[in-house]
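Protein chains: 4
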Amino acid sequence: MRALILSLTLVLILGLGTAHSAPVKTHLPGDLTLEEAQTILTAALHKAKNIGIPMNIALVDAGGNLKIFAREDGAFLGSIDIAKKKAITARFFNMPTSEFGAAAQPGKELFGIEATNDGLVIFGGGELLVRDGVIIGAIGVSGGSVMEDTAVAKAGATALQASSTSFKKSF
Amino acid sequence: MRALILSLTLVLILGLGTAHSAPVKTHLPGDLTLEEAQTILTAALHKAKNIGIPMNIALVDAGGNLKIFAREDGAFLGSIDIAKKKAITARFFNMPTSEFGAAAQPGKELFGIEATNDGLVIFGGGELLVRDGVIIGAIGVSGGSVMEDTAVAKAGATALQASSTSFKKSF
Amino acid sequence: MRALILSLTLVLILGLGTAHSAPVKTHLPGDLTLEEAQTILTAALHKAKNIGIPMNIALVDAGGNLKIFAREDGAFLGSIDIAKKKAITARFFNMPTSEFGAAAQPGKELFGIEATNDGLVIFGGGELLVRDGVIIGAIGVSGGSVMEDTAVAKAGATALQASSTSFKKSF
Amino acid sequence: MRALILSLTLVLILGLGTAHSAPVKTHLPGDLTLEEAQTILTAALHKAKNIGIPMNIALVDAGGNLKIFAREDGAFLGSIDIAKKKAITARFFNMPTSEFGAAAQPGKELFGIEATNDGLVIFGGGELLVRDGVIIGAIGVSGGSVMEDTAVAKAGATALQASSTSFKKSF
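Taken in order, these protein sequences are the chains called A, B, C and D. Residue numbering for the first sequence follows my numbering, beginning at 1 and increasing consecutively. Residue numbering for the second sequence follows my numbering, beginning at 1001 and increasing consecutively. Residue numbering for the third sequence follows my numbering, beginning at 2001 and increasing consecutively. Residue numbering for the fourth sequence follows my numbering, beginning at 3001 and increasing consecutively.
No lab work stands behind these hints: they were computed from the structure. Keep in mind that a hint or two might mislead.
Computed far set for chain A versus chain B, every beta-carbon distance over 12 Å [stated by the list, open to error]:
| # | residue |
| --- | --- |
| 1 | His27 |
| 2 | Gly78 |
| 3 | Asp118 |
| 4 | Asp132 |
Taking lysine to any residue pairs in the SDA-like style, the calculated list, with each CA pair at most 25 Å apart, reads [claimed, not checked]:
| # | chain 1 | residue 1 | chain 2 | residue 2 |
| --- | --- | --- | --- | --- |
| 5 | A | Lys25 | C | Ile2051 |
| 6 | A | Lys25 | B | Gly1064 |
| 7 | D | Lys3049 | B | Pro1029 |
| 8 | A | Lys49 | C | Thr2039 |
| 9 | D | Lys3154 | D | Lys3025 |
| 10 | D | Lys3025 | B | Asn1050 |
| 11 | B | Lys1025 | B | Gly1064 |
| 12 | B | Lys1025 | D | Glu3072 |
| 13 | B | Lys1154 | D | Glu3099 |
Stretch by stretch, here's where chain D covers chain A in the computed footprint (C-beta under 8 Å, at least three residues) [stated by the list, open to error]:
| # | segment |
| --- | --- |
| 14 | 29 to 39 |
| 15 | 89 to 98 |
Treat the numbers as computed from the prediction; the structure is a model and nothing was measured. Ideal placement from N, C-alpha and C gives every residue a C-beta, glycine not left out.
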């Protein structure tokens, strides 16, 4: 009985919460969608399979928040965090992590920047996700060499542009 | 001479970075602007002065990232973090922190939720920022009683709606 | 020329790395596979769509490390972390988070335990992933009421058992 | 009725809190004021607009605690943390981050120091705030090249000295 009352109370509380937030939009129009994220992830996983090295692949949205993630069997455990941080780094500074990292080498002006933001990644494997000229997130890949990671990240990013083009054509 | 070459190299790197990101939009249209944030902060500080308790006031944008912050002279140092976490909590769950906190009391279903997300706040003082039916961020206030903090946060949130209305009228 | 030597060195280093780890198995036989994780995620997303509340869904493997993650459009940003922590909590203590949470209520012996492990979740929505009587990971779901989150998590966990049964039948 | 008693109790508790702290001063005389912080921020934002690169600007007081912060529209999300850490670094070691960073280069004696204090910044863009020969805080700026960030930080720091001089003249 008590459980029932509790449940009803919870339903009311959550109902109110939902009712309250129902009329407002909870996210900005134009942000990375899950459908797009899945398309990108599938393309990246396909590329990773071709290369033959197990990868961690992470996507963040325009706000830098995790949208989708997958770890292939046998991929480095330490690359879970690196994949996420590559995506975040690319989005946080609006450029591929390879470009960003070039300015963070010893003797270059951003040397040491990786100690900020709870850890950034200053080598390749993070690429921007751009739809119709707007940055809507980023993809980070870790598991192979930097060249391999970058190839997988670019395969993902390119899949968005292709789907974005076909999206426009359908109108 | 070496310094000159270094400078030129840096200018090139940064120039390239800028050139690369120039044609793309770096943020989603419709997000909280600095001008709006300043209007909201000014209204909140005005309310705080009327109440007479020094406050910490923080605003985050739609992605939950800090947009503006101010600490009045004499405000609790411990409230810097609370103000930020109130804004983040409100945005992360799309409701005022008072509503959110109601479901996190002992015996309620979200009891203990404040241990997630590096710390959430489960009492009042965090309010949503809504423009034309879209959540574009949140304001968090800390320094006085929960009632006082909430009053200041609401004064800020209301200032956005007022400016949003006058914005529409001017078209 | 220097760049070429550098490239060759990198290829050698990475090649050696790969060559070195080739003969050893990098993960336990029987751990949650990406294919299973995708099956579970798909079932959970299907259930979430039926319920009509956008969810965050996270799976960890037997080692408690993130295997797959997805956030539906409009799902709470704060639920990214909660979904992950629900999966981790379930796996770390080998029981659903609802059971775990029951022992963490005020007056119960694990009261306060959510402050450990960088934050645990002490309410429902985290379920174990069991294959042939072995815990191979956990699923955590966050976005709706605890009852809704739990329903989605169970839909995912059940999909593993179904696929595990059909897997055995095919032999 | 119960709610009323609860409210009264809260008023008493909070009232006592206020009454208790009323006779003691809660902050050091001479610390950075919000008014000064606003003057400095305005000058820094003005300089940033002249340069034409969106910036993150953070000020900490003598205790190294955040006093004011603003992020211009389109400024790097990753620079929120860097601006704060530049201000903190400058104040924690009582020198501009450029000077501090010079001692943290490879081969120099503070090499690696950026890994302490939850992350320090070892390049320019953090400047001290000095009033009448006393360090009262620091300003950190991030968003452009190091040269641009430094120019904006210095514009802010100079505005304090100017206002400090005119402050003295008025007596």
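Outcome of the hint check:
no.: 1; hint: His27; verdict: 7 Å, violated
no.: 2; hint: Gly78; verdict: 22 Å, holds
no.: 3; hint: Asp118; verdict: 10 Å, violated
no.: 4; hint: Asp132; verdict: 9 Å, violated
no.: 5; hint: A:Lys25 <-> C:Ile2051; verdict: 19 Å, holds
no.: 6; hint: A:Lys25 <-> B:Gly1064; verdict: 15 Å, holds
no.: 7; hint: D:Lys3049 <-> B:Pro1029; verdict: 20 Å, holds
no.: 8; hint: A:Lys49 <-> C:Thr2039; verdict: 19 Å, holds
no.: 9; hint: D:Lys3154 <-> D:Lys3025; verdict: 31 Å, violated
no.: 10; hint: D:Lys3025 <-> B:Asn1050; verdict: 20 Å, holds
no.: 11; hint: B:Lys1025 <-> B:Gly1064; verdict: 19 Å, holds
no.: 12; hint: B:Lys1025 <-> D:Glu3072; verdict: 14 Å, holds
no.: 13; hint: B:Lys1154 <-> D:Glu3099; verdict: 44 Å, violated
no.: 14; hint: 29 to 39; verdict: violated (count 0)
no.: 15; hint: 89 to 98; verdict: holds (count 5)
In terms of the numbered hints stated before, the structure departs from hints 1, 3, 4, 9, 13 and 14, listed from lowest to highest.
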